[in-house]
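Quick note: the sequence shown uses our numbering, first residue 81, plus one each step.
Since the hints were made in silico from the structure, they are not lab data. It is possible that part of the hints are untrue.
What the hints assert, rightly or not - DSS-like mimics (lysine-lysine), calculated; alpha carbons at most 25 Å apart, straight line:
id: 1; residue 1: K191; residue 2: K96
id: 2; residue 1: K96; residue 2: K159
id: 3; residue 1: K191; residue 2: K159
id: 4; residue 1: K191; residue 2: K107
id: 5; residue 1: K91; residue 2: K159
Just so it is clear, the structure is predicted and the values come from calculations on it, not from any experiment.
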Amino acid sequence: EAAVGDMVVNKSHAAKVTFSNNIVRNKRCRGILIQTAAGGTVEHNLFANLTDAGILLTSDTSEWYEAMPTSDLIIRNNKFISTNLSGGARAAITAYCYGPDGAEGETGIMKNISVENNLIANRLRGGNVLRRGGKLLYA
81 EAAVGDMVVN KSHAAKVTFS NNIVRNKRCR GILIQTAAGG TVEHNLFANL
131 TDAGILLTSD TSEWYEAMPT SDLIIRNNKF ISTNLSGGAR AAITAYCYGP
181 DGAEGETGIM KNISVENNLI ANRLRGGNVL RRGGKLLYA
């Protein structure tokens with residue numbers, strides 16, 4: 081049951097993501113932003129020379145109120161070359177949720193995100209980051 085202060089979304093209106101065989105490079109921001117609970121696949125892409133994360137998964141219930149938490153997403157067979165060139169806190173694949181007043185969202189918000197067989201070659205930061213929430217599977 082919903083209570084005062086709860087955020088309610090209609091998951092049936094979320095779009096399923098298919099992002100395949102693309103080149104995303106030389107951007108002064110993130111490569112792609114995914115904000116959907118309908119799931120999908122990101123595969124066979126090149127993310128290169130980006131100031132921010134190659135793939136940013138986020139949900140915001142603080143400032144923009146624009147997205148439900150990401151779930152049921154497969155990220156596989158991508159190449160991440162020189163992402164996060166700004167040296168900030170983000171990595172090739174970054175996932176986080178903003179909660180009320182900008183605090184980190186509660187654990188378990190993002191679910192079933194599978195990261196499989198990706199090449200990550202970063203100069204400043206490597207690997208994947210999952211902050212507060214969900215099950216992130218590495219294969």
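Quick one: which hint numbers does this structure break? Sort them smallest to largest.
Of the numbered hints given earlier, those the structure breaks are 4 and 5, listed in rising order.
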